[in-house]
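Throw the hints in and build the complete structure from the sequences for me.
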Amino acid sequence: MSSSPRDVLVTGIGLVSSLGEGIDVHLDKLSAPSPSPSVEREAYAPYSVHALPEIDWSAHIPKRGDLRQMDTWQRLGVYAAGLALQDAGIPFDEGLRAEIDMVVAAGGGERDPAVDALVMERARASNAPERVINETLSSELRPTLFLAQLSNLLAGNISIVQKVTGSSRTFMGEEAAGISAFYSTRSRIACGQSEIALVGGSFSAERRDLILNFDLAELMLRNEWSPVLSRRTGADGIAIGSVGAFLILESPDHAERRGANVYARLVSAVGDRGRRDDGRLEKRFSDLLPAVDPADLLILSGASGLADHAKVETEALDAAYPDAARIAYGSMLGHSFEAHVPAGIALAAGALSKRTMFSRTDLANERAQAAPARHALVTTIGHLHAEGACYLEAVS
Amino acid sequence: MTTATRDHLGRSIIAVTGLGVVSALGRGIEENWDKLTRGVSGIHRIERFDTDGLRTTICGSVDFMTSRETSAVDLSYAMAEAAGSEAVLMAGLSDGDFGGPLFLAAPPVEMEWRSRLALDKQGGAEHEEAGYERLLDIARRNPDLAIYHSTQCSRISEMLADRLGTRGLPITLSTACASGASAIQLGVEAIRRGETTRAICIGTDGSISQESLIRFSLLSALSTANDDPAAASKPFSKDRDGFVMAEGAGALVLESLESALERGAKVHGLILGCGERADDFHRTRSKPDGSPIIATIRAGIEDAGLTPDDIDYINAHGTSTPENDRMEAMGLSAVFGEALKTTPISSNKSMIGHTLTAAGAIEAVFSILSLREGILPPTINYAVPDPTIELDTVANTARKADIRAVLSNSFGFGGQNACLVFGRAT
Numbered sequence: 001m002s003s004s005p006r007d008v009l010v011t012g013i014g015l016v017s018s019l020g021e022g023i024d025v026h027l028d029k030l031s032a033p034s035p036s037p038s039v040e041r042e043a044y045a046p047y048s049v050h051a052l053p054e055i056d057w058s059a060h061i062p063k064r065g066d067l068r069q070m071d072t073w074q075r076l077g078v079y080a081a082g083l084a085l086q087d088a089g090i091p092f093d094e095g096l097r098a099e100i101d102m103v104v105a106a107g108g109g110e111r112d113p114a115v116d117a118l119v120m121e122r123a124r125a126s127n128a129p130e131r132v133i134n135e136t137l138s139s140e141l142r143p144t145l146f147l148a149q150l151s152n153l154l155a156g157n158i159s160i161v162q163k164v165t166g167s168s169r170t171f172m173g174e175e176a177a178g179i180s181a182f183y184s185t186r187s188r189i190a191c192g193q194s195e196i197a198l199v200g201g202s203f204s205a206e207r208r209d210l211i212l213n214f215d216l217a218e219l220m221l222r223n224e225w226s227p228v229l230s231r232r233t234g235a236d237g238i239a240i241g242s243v244g245a246f247l248i249l250e251s252p253d254h255a256e257r258r259g260a261n262v263y264a265r266l267v268s269a270v271g272d273r274g275r276r277d278d279g280r281l282e283k284r285f286s287d288l289l290p291a292v293d294p295a296d297l298l299i300l301s302g303a304s305g306l307a308d309h310a311k312v313e314t315e316a317l318d319a320a321y322p323d324a325a326r327i328a329y330g331s332m333l334g335h336s337f338e339a340h341v342p343a344g345i346a347l348a349a350g351a352l353s354k355r356t357m358f359s360r361t362d363l364a365n366e367r368a369q370a371a372p373a374r375h376a377l378v379t380t381i382g383h384l385h386a387e388g389a390c391y392l393e394a395v396s
Numbered sequence: 001m002t003t004a005t006r007d008h009l010g011r012s013i014i015a016v017t018g019l020g021v022v023s024a025l026g027r028g029i030e031e032n033w034d035k036l037t038r039g040v041s042g043i044h045r046i047e048r049f050d051t052d053g054l055r056t057t058i059c060g061s062v063d064f065m066t067s068r069e070t071s072a073v074d075l076s077y078a079m080a081e082a083a084g085s086e087a088v089l090m091a092g093l094s095d096g097d098f099g100g101p102l103f104l105a106a107p108p109v110e111m112e113w114r115s116r117l118a119l120d121k122q123g124g125a126e127h128e129e130a131g132y133e134r135l136l137d138i139a140r141r142n143p144d145l146a147i148y149h150s151t152q153c154s155r156i157s158e159m160l161a162d163r164l165g166t167r168g169l170p171i172t173l174s175t176a177c178a179s180g181a182s183a184i185q186l187g188v189e190a191i192r193r194g195e196t197t198r199a200i201c202i203g204t205d206g207s208i209s210q211e212s213l214i215r216f217s218l219l220s221a222l223s224t225a226n227d228d229p230a231a232a233s234k235p236f237s238k239d240r241d242g243f244v245m246a247e248g249a250g251a252l253v254l255e256s257l258e259s260a261l262e263r264g265a266k267v268h269g270l271i272l273g274c275g276e277r278a279d280d281f282h283r284t285r286s287k288p289d290g291s292p293i294i295a296t297i298r299a300g301i302e303d304a305g306l307t308p309d310d311i312d313y314i315n316a317h318g319t320s321t322p323e324n325d326r327m328e329a330m331g332l333s334a335v336f337g338e339a340l341k342t343t344p345i346s347s348n349k350s351m352i353g354h355t356l357t358a359a360g361a362i363e364a365v366f367s368i369l370s371l372r373e374g375i376l377p378p379t380i381n382y383a384v385p386d387p388t389i390e391l392d393t394v395a396n397t398a399r400k401a402d403i404r405a406v407l408s409n410s411f412g413f414g415g416q417n418a419c420l421v422f423g424r425a426t
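Residue numbers (full-length UniProt numbering), protein chains in the order written: chain A, 1 to 396; chain B, 1 to 426.
Hints may contain errors.
[To be verified] In silico lysine to any residue, SDA-like type, Cα no more than 25 angstroms apart, as pairs:
no. : chain 1 : residue 1 : chain 2 : residue 2
1   : B       : Lys121    : A       : Ser138
2   : A       : Lys163    : B       : Ala334
3   : B       : Lys400    : B       : Ala425
4   : B       : Lys121    : A       : Arg122
5   : B       : Lys35     : B       : Glu373
6   : A       : Lys163    : B       : Glu302
7   : B       : Lys287    : B       : Ala221
8   : A       : Lys163    : A       : Asp287
9   : B       : Lys121    : A       : Arg124
10  : B       : Lys121    : A       : Glu130
It is worth saying that the hints were derived from the structure and are not from the lab.
This is the structure:
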């Protein structure tokens, strides 16, 4: 282990969302004169879902046998991971990829809604519902679905398809998983426990079983869609979005040896949690914010669409960074839980490198950039718990 | 570079100052160790749900802590809380103000059948037809935060963080059946980085349900030796026919040796090294040449600054599936050579079953106890040795042994491999 911490660089980005695929497509759409999201309002009414466009999965998941083992959540992650590795210029070589560590932020996997409906249907007519479950699941479940359901099988599929096998760790738990994935990976590289890592996550929004979970907690936006920071108490909520976001993080030595293109430096990624009453949320979130010059700073807020959190976040950011430019990227991508922080870091690193000026989708609540940013802050207030702040700097 | 509190690479030596455990054998270190060293099985018939129509009707569930209706989240929490609190108190620290980070291996959770069926029964939905559209109608009229909590993978760590007074954002992780070992590895790394002087690492799994059992059953992973539950889990035996699903939790307080000595804490054992490697061969099967398993074992021993000769005892993954036990023995053989035949190796799973997410942590607890007490727990049900696997399995009866270093293996679906190396407190 090196004795003094070293820089941690972003050298590859793989981003897929309702806006399309690739970091350049995202930067273009977010900097267009009047950016507009791609929101599906009908299929899941009354909910708004930022749904994926048509994707040719075979570009990064060439074997049909592999594709058959996965549903959209895993395909999206494996695809975005492939995109990140390609973007980082890491050849498809098992030897090289065997040195790459991996940390994946993942939720639960897919279900078979038809089988679930069948069990419910049959259970209605039975006075022994447990027997109905035994009989129906034993005969109707596809064995492979189990593998699509396990949280760590996104990482498992990345190992199989993309050959990343240095190590494989899956973190769970909504936004917190994304924050921790970057905290842990950055720390390992900074102190020499790792040289290069693939880190990120994916979230598939087009799943009624997940929408059900969220709306049992009254989290979903049911009103007309509007940008996340403009949703007012009583008419607020989350519009979920499908996102696959993976990055390559690398030590400077390792990046230099292989002549890697560097997007940005990931200076810090920190998080915390705890009770949120009596001003504790405000205090804890403010304490996570790094003391940096607000000039040339771009804040990428991960606001979920819950009005109370947006208010806390906005006030804390106003106090810490008066007049700094601020965009809430969930308006364009939707909220993607485990993948949300990875997506924010991807956008930040891309914008710092390409000197992108993001446009506002919400003139009242976002602040325009006066010039390309030199540093960026990705902020998170998790929908139920966990707060985070990830800070990046431009390298040139 | 080695000093009294630094290892061969100049890193903090990691001390284990607290241990806690819950398994099908009981609650707490004392009861578990007593039964484990007497060769008692905790495997029993499934009482939690109707097993009519199931191929497997036995398990090692923990039924003595909560009621039959408890969700996987609440049972996993109850066991993690019991083990975590026991470990922190053993370390001589406050179990309400631990003051270090939490690394938790927890099962992925989702809505339970009980909840789906209860929602479907409610009225007032526009959709009559069974399915998620109907449940959404109902949910809009009858929100239920408790059901949402039962679907949240971070719920257990949230409750534990409040209960134990841990610091910062806990990490909830899943590396399938290697999860418990991975949680310990994250704690070791954080202390080696100097981020903290102590950490609590817990693996917990209370996820036995009809659906989880059926899913493993459909993969032909489970033993169907239902007639004599206590004899069903038979690692390394010729007639082994699958693993027995089980529940439990294991907790370890890790501390830099320096900090432990400074505050006069009792050191129960050391964590000397960690190794990991992913397998890219198949979702449920190991690469036929065993190379990822071999690389993982080598990495763990090398990280500890040891050679295979230094390992005195192996706490096997030993699930009792035909595939795992064969591949594990093959991987060990490649690393240890002829010495493997005379290195004792036993599988706790012969008694407690396969505790899945918790296994690596529970088996770490038992490994540390083996070092501390100088006793090797047996592999029970070892009546018909597999002639293709030549091992000293500490067959059926515990054995006294003066051991200094233990290797513990954990392998999981999704190509997960992790190995830990433990040392005796000096």
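Here's how the hints hold up against the structure:
Under the criterion of a C-alpha separation no larger than 25 angstroms, the hint pairing B/Lys121 with A/Ser138 is consistent with the structure, at around 23 angstroms. At most 25 angstroms may separate the alpha-carbon atoms for a hinted pair to count; A/Lys163 and B/Ala334 meet this at roughly 23 angstroms. Distance check on the hinted pair: B/Lys400 and B/Ala425 sit about 17 angstroms apart at the alpha-carbon level, within 25 angstroms; holds. Straight-line distance between C-alpha atoms of B/Lys121 and A/Arg122 comes to about 12 angstroms, which keeps the hinted pair within the 25 angstroms bound.
Of the supplied pair hints, the one linking B/Lys35 and B/Glu373 holds, its CA atoms being roughly 14 angstroms apart against a limit of 25 angstroms. Pair hint A/Lys163 plus B/Glu302 holds up; C-alpha atoms about 24 angstroms apart against a cutoff of 25 angstroms. Only pairs whose Cα atoms come within 25 angstroms are accepted, and B/Lys287 paired with B/Ala221 is accepted, the gap being roughly 18 angstroms. Using a Cα cut-off of 25 angstroms, the hinted pair A/Lys163 and A/Asp287 is violated, with the two alpha carbons roughly 39 angstroms apart.
About 8 angstroms separates the Cα atoms of B/Lys121 and A/Arg124, which keeps this hinted pair within 25 angstroms; it holds. For the hint pairing B/Lys121 with A/Glu130, the CA-to-CA distance comes to about 15 angstroms; that is within 25 angstroms, so the pair holds.
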